[in-house]
Structure formats: C-alpha cells, structure tokens
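Enquirer: Listed below, chain by chain, are the residues.
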Amino acid sequence: MLTFAVRRLVLAVPTLLFISFVIFMLLQLAPGDPMAQVPLTVPPEVKEKMRQALGVGEPPLVQYWKWLVQVFWLEPKVFIDWLTNSSTLLGWLPDTQLYQNELRVISWQTRSPVMDIVIQRIPQTLWVVGLAYIVGILIALPIGIYSAYRQYSVFDQSGTFITMIGFSIPPFFTGPLLIVIFSVQLGWFPSIYDTTLVVDSWASLKLQFQQMILPVMVLALQTTAQISRYMRASMLDNLNQDYVRTARAKGLSEAVVVTVHVLRNSMIPVITVIALNVPAIFGGAIITENVFKVNGIGQLLITALFANDLPMVMTLTFIFAVLIVLFNLIADVLYGLLDPRIRYD
Amino acid sequence: MTEPVQASPVPIEALADKGPLTPPRSQWRDVWDQFRKHKGAMFGGGFLLFITLAVLVGPWIWQVDAQKLDIRNKDMRPIWTALWDGTAKVAWNRPFGTDQLGRDQLAQIIQGGRTSMAVGWAAMILSLIIGTTVGVLAGFVKKADGLLMRLTDLFLSLPILPLLLVAVTLFRQPLRAAFGPEGGMFVLIVGIIAITSWMPTARIVRGDILALKEREFILAARSIGTTPFRIVQRHLLPNVLSPIMVSATLGLATAIITESALSFLGVGFPSDFPTWGKMLADAVSRMQQFPERVYLPGIAISLTVLSVNYLGDGLRDALDPRIRGR
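Chains as they are written, first to last, in my numbering: chain A, 86 to 430; chain B, 84 to 409.
Just chain B, with the same shape it has in the complex (with noise of 0.2 Å):
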C-alpha cells in the first residue's frame, strides 16, 4: 500500500563532516580581513603611520636644528621651485626652503608635526578616559546616572570654541610659570581640549553599557560573585572597545584641528616654537611672494586629518559585526 519507509535516509551533508573543515578564526582576525578590504582606510592608516614615524624618528634622520638661524640663508624657495624658475634661490641642503629667518623649513614642519602629533594623541587619550570613565559610571551605577548624564548635557551647551579661547588666554601666564613656557601650554592646550571634547564618547559608552549589563553573561558572572570592578574590567570594557575605537579617531582629529585652530589664531604655542597651525599663521601674510610656506603645513594638516577619517571610517566597518562579512 504505502512505500516503506527508508531505513537510513541520506544524512545532511554538514553532519557527515567529521569535524570543522576550516581552522576556526578569531575575532580580530575577522575585524582586520573586512578592514583590509576598505581602501581608503588602508591608505588612511598607512598613511598616519607614516607621518607618526616622520615626526617620531626625523629628527635623527635631518639633523637640522629647526631653530637655528642663518640669517644669510633666508627665503630660499623649495628645491622643485628651479624645475620652472632657473634663477629662484634655492638648495639641496634646504629641500623645503627655508623662512624670513633662514630656519630650515623641513626641520620645521617636522618639529611642528611633532608638537601636533604629541597634543592629538595626548588629548584624543585624556578624553577617552574622561568619556569612558564617565559613561561607564553612568550606565553602571544607577545612582549616578542621573547626576552624570545632566553633566554631560551642560558640557554639550558649552559654545566650545570661545571658551578655548578664553581659558587658553586666562590661565596661560599661571602654567607658564609651573611647567615652562613649552610644557605649560602643552598641559594648557591638551587638558582643555580634553575636557571639551569627552561628552560623545561618554554618551555612547553609556548607551551600550546599559544594553550590556542586563545581558545573560554579567547575570553568570555576578551569580559566581564576580566584584562589580571585575565585572566592568574583564566583561563590559571588552564589549564597549569597538565604539570607543571609533570614537577615538574622530577625538584626534578633531584634537589635531583644534590645535592648529588656537595657533592659527595666535593664542597658542610660543612664537619660536613651531606648529603645523603656527607656521601656517605666520606665513599668510606673506603668502603671495612664498605661497609654499601656506601649502606645506596646511597640506600636512589636511592629510593627517584625513588619513585619520578615512580610518576612522574603515573601522566603523570592521568592527560592526552586521557589515562584517558582507
């Protein structure tokens, strides 16, 4: 009447398989397959590489002094000016040429990058422990969740640029005087940055604590009597890094503008201690007769910032894990 059933029908093929046919792969092995694929962020972070290793080991590579003067050589043109102009001053021992002052301008930018690299990191850093530390305070302990998160609101209210200004120009001659002219603006300018910029990276850490911690896993690891420290450090921060990662390339960005914006507008670093946005300030006045002193900081500036979007962009997409694998 009806067929017989068979005895052994035909096993799913994956459940032949002995075992796992590939090795099995790590997260971050994942994350940097999908980041490879970005070309813009390859190139972005090559690139900031780069110019990080530039200003790291130049000065041991130039070893030109870029505050030495040589008042006879001053206002040489860069040395691929000669390829349109045979009668422009220029020299193979000063490939960028060099300023009203005879300083080495390759010495300079170098110095300058130095100084602008040092205040990104420094600040984009600060801010992210600041941020961090206030978001995870924020999503973890109800009782201060309240009190923080209204923190963050009046530090979002705060018309950021004026009050740069303002407190670079108030508390300059202080700090001056306990760390030096150098290292006091270097405090000055990395702490106020800091502190105005920390509010977006604490707003999201908070937002994805407060969706972690109800989570199966912390309930586990409370139920084992984990120490809510040991929580936050070993179960949460691991969770929250790809946000924060994210959040930290736009923070040194933004740091590395901010910078260059204070020295533009001449509220700064000293006047003999170059910056990529001092050089560009001191050159505009002059930048019909040598408009390359414009273009090669501003250049810098520009490349450095974007090189540091572009991989801030690839990250986002490596680390999404719904983008990933697409």
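One chain only, chain A, in its complex shape (with noise of 0.2 Å):
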C-alpha cells in the first residue's frame, strides 16, 4: 500500500508538470498586454524595462521556467519563513529566513504576490465550500440509506425526483431564487457574504451564520443530491447480498443489520466518490461565489481574468489541477485502504 502511495505520488508530478506546461504555454496565446494600460507618453525603452521588470520580455520557455522556480522553490521558502517567524504553530523555532528577497510571482493588477493574496482569499473559500460538502453529505447520507432500504416506497421515489431537480437546476439559479425568497421577500438572510465581517461576539457570529446559510445552502443542494444517489445504489448493491441473509438469520435485528454490516459496506465507493468530487466543489464554488460576492479564489480568478492578470490565472489554474491530481490520488488510496478486497501491489 505503503509503495503504491509512494509510485502515484511520484507519478503525479510529470502529470502536474505537464498541465502547468499546458496552461502556461495557452496563456502565451493571450492577446492581452500587460502595458496596454500605460499612458502613450511613456517612451518605448521605458516601457520596455516595465516588460522586463513584469518578466514578459524573455522567450516562453524561459518565462516558464521562472514561474517554476517561483513557485516550487522561492514560494515553499516563503511559506517556512513564515512558519517559523510568525505562526503559532512553529514560531518556537529560529527564524529561518530562507527567502533573500528574489522576485515572486507578481499578480499585474497589484504589483504584489500572487501567493499572498490567494493565502487571504482561501479562508473564505474554505468556510463556504467546506461546510457545504459537509452539509451535504450529512444529508445525502442517511436519505440515500432509508431511500435504498425502502425502495420504491412513496420516500425513495420523491427523493429521486429531488435529486433529479438538484441535478437539474443550476446554481447560477438556485442563487438568484434563494435571495429573492429569503433575503428580499422574507429578509432573513443578507444577500452578500461580508468578509470584513469580524467574528468577536454572540451577535457577529449570529451573523457570520446568516450570511453563510444561502451559499451554503445552493452548494449543498448540488452535494447533496450527488451523493444521496451514489449512497442508495451502494446500499442497494450490498442488501441482496447473500452475507446479509447469514446476519438477519443470526437472529441481529434489523438496525444492526443495516447500520453495521450493509452500511459498513457500501461506505467504501461513497467515501471514494466523496473524495473525488472535493475538486469539483471547488470549481463549482466559482459561480456560487459570484453570485453571493464571495471573496474567494473563485472570484479572484474571474477578476483576474477579467483583468489581464496572467501570472494569478496560471498559478490559480494550477492550483485547481494541483487539487485535482491530490484528491484522485486520496481516492484511490482510501478504496485501497478500506476494501480489502483490492490490492494494488
């Protein structure tokens, strides 16, 4: 298991290399010009030393091999520097100060790191996207049960109808339909998550609750209705089976049949798809945090775009596939890890 970990993770990186290659070099393509923006009386050999200082004066392959230096050793330079100086985890350790102020990767709307402001953006991201899946599969997962153990009963046929709305209906309009219910016919809930929002008493994070209800809600939905399907074909798959006869002959009761020896089962694909669909999430989340004005990195790659801005959308972009790569990587460990059934060596 131990070795089959090691060769995928090993694989993974001329898989990453790859598609950064990829995306780096359909970037290259962009019409755009970072001095597009400059006034016209700005002389050429002036505007060419700002090309320069950007890094967009050298050949492709050079500019590539830059942005790769940047980020996987400048960028991991950065971030043990910032451990050990002023993190609470680590900061007990010397100052390691490995980072000697070479360039980074410099966004062009801001002039600053991209790293730092995709560092300030995560959190939001992660708060909303994460507690959706949660709440998500916390639903899914004992609808899909009941809907499986009673099939075809009035619950699993309305259950499928749902989750064949939820399929069916985009968040780019679940969103705008939620905010006209909740927040301006019944004013429940506000219609723009505030992230300068500060969480330090009962009533701030009554609002930080309010504010996270609706994104939360559409991107559960779209979790939620996945799942659900996925664990009731599982549960179905696993309840004919002949060891669930051996149990119900052992005289268990029906609760034990199913709580622990189906469901302990049928968890094993769940969980793998589970895994899978984190990635998915995250690049769901784009539009969600568009329409609730999210912060997060989802719209930060869209105002990147929007702008111009190629170093924040290649590393961005990479950090979706980086994502990707990871959690298809976890998924097969895991199935390997709980089904005993299958070995990889």
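Calculated directly from the structure, the hints in this document are not laboratory data. Just so it is clear, the structure is predicted and the values come from calculations on it, not from any experiment. Keep in mind that a hint or two might mislead.
[Claimed, not checked] Restraint ranges, calculated between C-beta atoms of paired labels, are given here:
no., chain 1, residue 1, chain 2, residue 2, range
1, B, Ser109, A, Gln326, 28 to 38 Å
2, B, Arg369, A, Phe246, 31 to 41 Å
3, A, Trp150, B, Trp111, 55 to 65 Å
4, B, Phe312, A, Ile165, 52 to 62 Å
5, B, Leu234, A, Phe89, 16 to 26 Å
6, B, Trp145, A, Ile224, 40 to 50 Å
7, A, Pro161, B, Leu234, 23 to 33 Å
8, A, Arg92, B, Ile307, 41 to 51 Å
9, B, Trp175, A, Leu211, 48 to 58 Å
10, B, Ser354, A, Ile224, 38 to 48 Å
11, B, Leu234, A, Ile165, 29 to 39 Å
12, A, Gln326, B, Leu295, 25 to 35 Å
Every residue, glycine too, gets a C-beta built ideally from N, C-alpha and C.
Dock chain one against chain two, each of which comes alone in its own frame, and use the hints as you go.
Expert: Structure, rendered in structure tokens:
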C-alpha cells in the first residue's frame, strides 16, 4: 500500500508539470498586453524596462522555467519563513530566513505577490465550500440509506425526484431564487457575503451564520443530489448479498444489520466518490461565489481573467489542477485501505 | 414384475407447438416497450421534443423580432400579472412582457432557446465523435491503448471550468475575426465544451470494445476475411450503441448547463445576442422589480436539463437487457 501511494505520488509530478506547461503555453497565446494601460507618453524604452520588470520580455520557455522556480522553490521558502517567524504553531523555532528578496510571482493587477493574495482569499472559500460539502454529505447519507432500504416506496420516489431536480437546476438559478425568497421577501438572511465581518461576539457569530446559510444551501443542494444517489445505489448492491441474509438468520436486529453490516460495506465506494468530488466542488463554487459576492479564490480567478492578470490566472488554475490530482490520489489510496479485496501491489 | 414402460410418454407441452406462438420481436421493439413503462422518461422525451420543436418553428409562429427595440413599451409585465395586479402594465401582444429596452421576452426566450439548444446538441455530438473515436481506437488497436488512455487521464485531471473561462477569454478575438461575432463565439463554445467533455464516453467505449473483441462473432468475422475497419463499423459500433446513447443524454445536459454558466459569468455570446443564461444574468440586478425575467429563462434551462436527465434515466433502463423485461 505504501509503495503504491509513493509510486502514485511520484507519477503525479510529471502529470502536474505537463498540465502546468499546457496552461502556460495556452496563456502565452493571450492577446492582451500588460502595458496596455500605460499612457502613450511613456517612451518605448521605459515601457520595455517595465515589461522586463514584470518578467514578460524573455522567451516563453525561460518564463516558464522562472515560473516553476518561483512556485516550487521560492514560495516554499517564503512559507517556511512564515512558519518559523510568525505562525503560532512553529513560531518557537529559530527564524530560518531562507527567502532573500528574490522576485516572487507578481500579480499584474496589484503588483503584489500572487500567493499572498491567494492565502488571503482561501479561508472564505474554505469556510463556504467546506461547510457546504459537509452539510451536503450529512443530509445525503441518511436519505440514500433510507431510500435504498425502502426501495420504490413513496420516500424513495420523492427522493429520486428531488435529487433529479438538484442535478438539473444550475446554481446560477438557485442562487438568485434563494436571494429573492429569503433576503428580499422574507428578509431573513443578507444576500451578500460580508468578508470584513469580525467574529468577536455572539451577535457577530449569529451574523456570520446568517450570511453563510444561503451560499451553503446552494452548494449543498448539488452535493446532496449526487452523494445520495451514490449512497442509494451502493446500498442496493449490498442489501441483496448473501452475508446480509446470514446476518438476519443469526437473529441480529434490522438496525444492526443495516447500520453495521450493510452500511460499512456500502460506504467504501461512497467515500471515494466524496473524495473525488472535492475539486469539482471548488470549481463549481466559482459561480456560487460570484452570485453571493464571496471574495474567495473563484471570484479572484474571474476578476483576474477580466483584468488580463496572467500570473494570477496561471497560478490559480494550477492550484485547481493540484487539487484534482491530489484528491484522485487520495481516493485511490482510500479505496485500497478500506476494501481488503483490492490489492495494488 | 415391473410396470411396463409407457409406450409414448406425454410430450413436453412446448415441443408440441407447431411454430412460434407470437411473431418474433425485434430488439428495438423491446427497448421501446421498456422505455414506455418509465413515466419520467416519457415525460422527459416529450418535453425535450416539444422544446426543440418550439425553438425550431417558434420564430415562424411568433413573428416578433427579438432584437427590435420598442422603448415606449419597455418594462412590461407578463400577461398573467394582471390576475393579481390590475394596475400592472400588460398587453396581449407581449404575453411574456418586455425588458428594459422594450424587446419582446417571448421572442427572446425562443431565440435564446435556439442558441442554447444548438450549442448543446452540437457540443454533445462533437464530444461523442471524439470520445467514440478515441475509445474505439484505444480498445481495438493495442499499440494506441496506453498512449490514448494516459491522454484521457490527463484530460480528466484538468480543471475544466477555470480552463473554459481562460480559453473563452483568450480565443474570443481571433475567432470573432474569423467567423463573425456570433459564429466565432458558437464555434469557440462548442469546440471548448466538446474538447473538455469527451473523456467519460471514451472510457466506457474502450471498456466495452475490449470485452467485445474477444467474443466469437468477432473471430468469425475475422476468419471470413473482414477488414478491421468493417469489423468496427459492422460488428463493434452497433454493440456499443447503448452506452453511447446514455452518455449522449448526459452530455447534452452538461453542455446546456455549461453554456448557460459561461453566459452567466459574462464570457459567453455578445451582449445583443440572447441566450437563456445571458437573459438570466442580465435580469439578476433588477430581479426585485421584475422577478419573471429571472424565472422564465431559469425555468427553461432547468426544465430542459431535467427532461434530458429523465430521458437518460429511462434510456439506461430500456437499453440494459438485464433490466429489460422485468
């Protein structure tokens, strides 16, 4: 198992390198010019220097190499410095001072390091997306289990219908719909996610919850629809197996048979699906963040695209790719760990 | 001592029949009979047919130009608003109301539906062609298998929505110059959706081809000298038709949603060219006063996708011989 995980990790490196190369070359075709906003009175040689400062004067391959160095060598250094310098967890260690003011990946919009902005934005995305995912799973699992146990019952039929609707209504429709109902008509929740809110009292905690409910609902609807389908199918596969009959014949109660014997075996494929869907949720959150004005990384990507901020777009797309490759790997390893019939070696 | 053996035992009933009692049934007849039992799929198929016909022949029946500005009659409400609000500005010749520039909403919905459906069908067909070609090649040609499947894995680990956004913003200008503003955008969106959604089809087709090509009927075909191309065309492709059809319905649903999402995020078709996603996005800012401008295109998208999903569900049941006949 360990050798399999290590082999997959090693294989992930060339995959990620190739993906980053493809994205980089795609972005090289971009028609935009970062100097387009500079006034025409600026002489060409100054413009050329500004171009050099942004790192766009070099041939593409050199630029790509520099980007690689910046992301895989300089950024970890900065991160380690931050860990030993100002984080509470490892702040007691002596300051490492690995980073010696080399040029990091610079955003063309703000002229500040891309990674700093990404780090600022990630908590918002994680709060909304992560919470939505957990809520979605917690709703989906009981629904899936019960509708498989009572197959073709009224509950199962209506569950199927509701999940079909959850599949079919896109988030850019449910979002405005929920805003109209809950923040315009009823006035219960704010329609805009306020990221400047500081949670320091019970009142502000309540506000924080209120503003998170709508985006979490939109995202959780999608998750619930998918996961409960998988849960139901997986339970149905297991409910007719011989070992279930044996368990019943031993005189175990229905509750024990379903929740212990069947559920444990049915969870194996569901857990891998849960792991595989995490990156997709991050991608789908781009729309939800846009609807509710959450300034997470999805919204950052959109604004960077419209502002022609190529280093930011490149780094963010690469982060999404890393998430996908990483969670594919986690899903494979989990599958091997949970199911003793599967042996990779 | 022993009983004498009966001279002529009673023949088994079935063997006594002179011929088959019922006329033989074709496979597609069975599929249709099973499909008909699935109520949701029948509704879905019917609605999809209805909406496709509506957007196809709609412009001939409702002959109002979707682009015509009629600023005196702007911001009209749909006709049913008069039921509860007598003072609302409604008119029978504008049944779905008009937008802030006085453009007729019904004509816009029909026009937008044309675009959305055209993008959906074209992207689905293109992605099926790519996926089936890759799948058949990988399953049938052993040398190509490793390379093509690594390529599929690579495409599966690309972040689709961010890449779609990147690609649309990057290639908009050159393609617009080549095919005109609407044509260029159509080619771009269809191409990008197809290129990023063929992988599941390729995997399913490859798996089925790998199992099928070891079967006796392929050996028989080969032994009478059938060329590989004819084997694929005559024997393999008809046998993988059912998984392809199921993934076609899924592909249609995703393509429609993706196109609307791109329009919603503001990277889709040009601003004077209605699509359902674009109408929805434009109306969100004023949805307190005019909620119907959000509901109508939103319901159109959702119902179409819902019906396509139900259709796929029914097709999956009908095309699976293990479920059929139960």
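Enquirer: Tell me, in ascending order, the numbers of any earlier hints that this structure violates.
Expert: Nothing - there is no hint that the structure violates, so all of them hold.
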